[in-house]
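Asks: For the sequence shown, counting from 1, position 79 maps to 384 in this note's numbering; every step adds exactly one.
Since the hints were derived computationally from the structure, they do not count as laboratory data. Treat each hint with caution, since some may be false.
Pairwise CB distance ranges, derived in the manner of DEER restraints [what the hints assert, rightly or not]: (1) Leu-341 with Arg-378: 50 to 60 Å; (2) Arg-408 with Ala-331: 40 to 50 Å; (3) Gly-373 with Glu-350: 52 to 62 Å; (4) Ala-359 with Met-379: 41 to 51 Å; (5) Leu-323 with Ile-355: 40 to 50 Å; (6) Ala-404 with Met-374: 23 to 33 Å; (7) Ile-322 with Ala-359: 49 to 59 Å; (8) Leu-362 with Tyr-388: 45 to 55 Å; (9) Val-393 with Ala-347: 33 to 43 Å; (10) Gln-348 with Trp-384: 17 to 27 Å; (11) Leu-341 with Asp-377: 57 to 67 Å; (12) Glu-310 with Ala-347: 50 to 60 Å; (13) Phe-376 with Glu-350: 36 to 46 Å; (14) Asn-335 with Val-308: 39 to 49 Å.
For clarity, every value in this text was computed on a predicted model and none was experimentally measured. We treat Cβ as the ideally placed atom computed from N, Cα and C, and that holds for glycine.
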Amino acid sequence: MQVVEHVSGFREMLRDILTVNATLVAQAQNEEMQKLSELSVAQGEEVKKISAWAAILFAPQIVGTVYGMNFDRMPELHWAYGYPFALVMMLAVAVALYAAFRRRGWI
């Protein structure tokens, strides 16, 4: 009878130990997932910043590329202020994009 009681007690103790172990493992996994989520959010913020700067640098490049084609029928080519106009347009696009991204908190 004593052996049966000891075995029953050990069985209950083992079940409690396994429950505590499973709880601790689940808690450790939750903490690890939380850290990974935080890293993912931080990485997303960095990607937004890089993308914003890429767009700011890409927009003036498009304007410069169009003006670099040297078509004959472009009115700005024979205009005295055509070159400064193109530069001002590039700067205006870059500043507008910078302001938009700054307002949204991307930069």
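Asks: Look at the Cβ atoms of Leu-341 and Asp-377 and judge whether their distance stays inside 57 to 67 Å.
Replies: holds (58 Å)
Asks: Tell me if the beta carbons of Gly-373 and Glu-350 are separated by a distance inside 52 to 62 Å.
Replies: The hinted range 52 to 62 Å is violated for Gly-373 and Glu-350, with Cβ atoms some 35 Å apart.
Asks: For the range 33 to 43 Å, tell me whether the beta carbons of Val-393 and Ala-347 fit it or not.
Replies: Once the Cβ atoms are compared, 38 Å apart, the range 33 to 43 Å for Ala-347 and Val-393 holds.
Asks: Are Glu-310 and Ala-347 spaced within 50 to 60 Å by their CB atoms?
Replies: For Ala-347 against Glu-310, whose Cβ atoms are near 56 Å apart, the range 50 to 60 Å holds.
Asks: Go ahead and decide if the range 17 to 27 Å is satisfied by the Cβ distance of Gln-348 to Trp-384.
Replies: Since the Cβ atoms of Gln-348 and Trp-384 sit about 47 Å apart, the hinted range of 17 to 27 Å is violated.
Asks: Quick check on a hinted range of 49 to 59 Å for Ile-322 and Ala-359, using CB atoms only.
Replies: holds (55 Å)
Asks: For the range 41 to 51 Å, tell me whether the beta carbons of Ala-359 and Met-379 fit it or not.
Replies: violated (27 Å)
Asks: At the C-beta level, are Phe-376 and Glu-350 separated by a distance inside 36 to 46 Å?
Replies: Check passed, 42 Å falls within 36 to 46 Å.
Asks: Given the range 23 to 33 Å, decide if the beta-carbon distance of Ala-404 to Met-374 lies inside it.
Replies: With a Cβ separation near 29 Å, Ala-404 and Met-374 satisfy 23 to 33 Å, so the hint holds.
Asks: Do Leu-362 and Tyr-388 keep their Cβ atoms within the hinted range of 45 to 55 Å?
Replies: violated (20 Å)
Asks: Using the beta carbons of Asn-335 and Val-308, state whether their distance is inside 39 to 49 Å or not.
Replies: holds (40 Å)
Asks: Taking 40 to 50 Å as the stated bounds, is the beta-carbon spacing between Arg-408 and Ala-331 within them?
Replies: holds (43 Å)
The structure fails hints 3, 4, 8 and 10 (numbered hints given earlier, in ascending order).
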